[in-house]
Amino acid sequence: AKKQKHLEDMSIQLNQLKIENRELANQLRYVLYHCQRTKIENDRLRLEHRILQEKLMNIRQVLMTRQIEQSSNCAMMWS
Numbered sequence: 001a002k003k004q005k006h007l008e009d010m011s012i013q014l015n016q017l018k019i020e021n022r023e024l025a026n027q028l029r030y031v032l033y034h035c036q037r038t039k040i041e042n043d044r045l046r047l048e049h050r051i052l053q054e055k056l057m058n059i060r061q062v063l064m065t066r067q068i069e070q071s072s073n074c075a076m077m078w079s
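Take the sequence shown: its position 73, counting from 1, is numbered 73 in UniProt numbering, and each next residue is one higher.
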């Protein structure tokens, strides 16, 4: 009787641990999925950042070139 009770208790504990293990595995999958999505989004944002930086540098170059041209045009008008 004692052995039977112990066996039943162990069986109940085993089932509880299996359920807990399944829940933990699901939580881990959820976290890994969101971690992967975050990494993909982070990579996309880094690329977008680089592209926008390049565009900004190009715009600055154009503006500086125009400024230099305007300055030299003004200088030519006064000379």
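Treat the hints with care, as some may be off.
Keeping only pairs whose Cα atoms sit at most 25 Å apart, straight-line, the calculated SDA-like set for lysine to any residue is [what the hints assert, rightly or not]:
(1) Lys55 with Glu41
(2) Lys3 with Arg22
(3) Lys55 with Tyr33
(4) Lys39 with Ala25
(5) Lys3 with Lys18
(6) Lys18 with Leu7
(7) Lys2 with Ile12
Beta-carbon label-pair distances, calculated as ranges [unchecked claim]:
(8) Asn42 with Arg22: 26 to 36 Å
(9) Asp43 with Glu20: 27 to 37 Å
(10) Ile40 with Ser11: 50 to 60 Å
(11) Lys39 with Leu7: 41 to 51 Å
(12) Gln53 with Met76: 31 to 41 Å
(13) Gln27 with Ile51: 49 to 59 Å
(14) Lys5 with Ala25: 24 to 34 Å
These are calculated hints, taken from the structure and not from any lab test.
For glycine and all other residues, C-beta sits at the position ideal for the given N, C-alpha and C.
Quick rundown of the hints versus the structure:
{"no.": "1", "hint": "Lys55 with Glu41", "in the structure": "holds, 21 Å"}
{"no.": "2", "hint": "Lys3 with Arg22", "in the structure": "violated, 28 Å"}
{"no.": "3", "hint": "Lys55 with Tyr33", "in the structure": "violated, 33 Å"}
{"no.": "4", "hint": "Lys39 with Ala25", "in the structure": "holds, 21 Å"}
{"no.": "5", "hint": "Lys3 with Lys18", "in the structure": "holds, 22 Å"}
{"no.": "6", "hint": "Lys18 with Leu7", "in the structure": "holds, 16 Å"}
{"no.": "7", "hint": "Lys2 with Ile12", "in the structure": "holds, 15 Å"}
{"no.": "8", "hint": "Asn42 with Arg22: 26 to 36 Å", "in the structure": "holds, 30 Å"}
{"no.": "9", "hint": "Asp43 with Glu20: 27 to 37 Å", "in the structure": "holds, 35 Å"}
{"no.": "10", "hint": "Ile40 with Ser11: 50 to 60 Å", "in the structure": "violated, 44 Å"}
{"no.": "11", "hint": "Lys39 with Leu7: 41 to 51 Å", "in the structure": "holds, 47 Å"}
{"no.": "12", "hint": "Gln53 with Met76: 31 to 41 Å", "in the structure": "holds, 35 Å"}
{"no.": "13", "hint": "Gln27 with Ile51: 49 to 59 Å", "in the structure": "violated, 36 Å"}
{"no.": "14", "hint": "Lys5 with Ala25: 24 to 34 Å", "in the structure": "holds, 30 Å"}
Going down the numbered hints, you'll see the structure goes against 2, 3, 10, 13, while the others check out.
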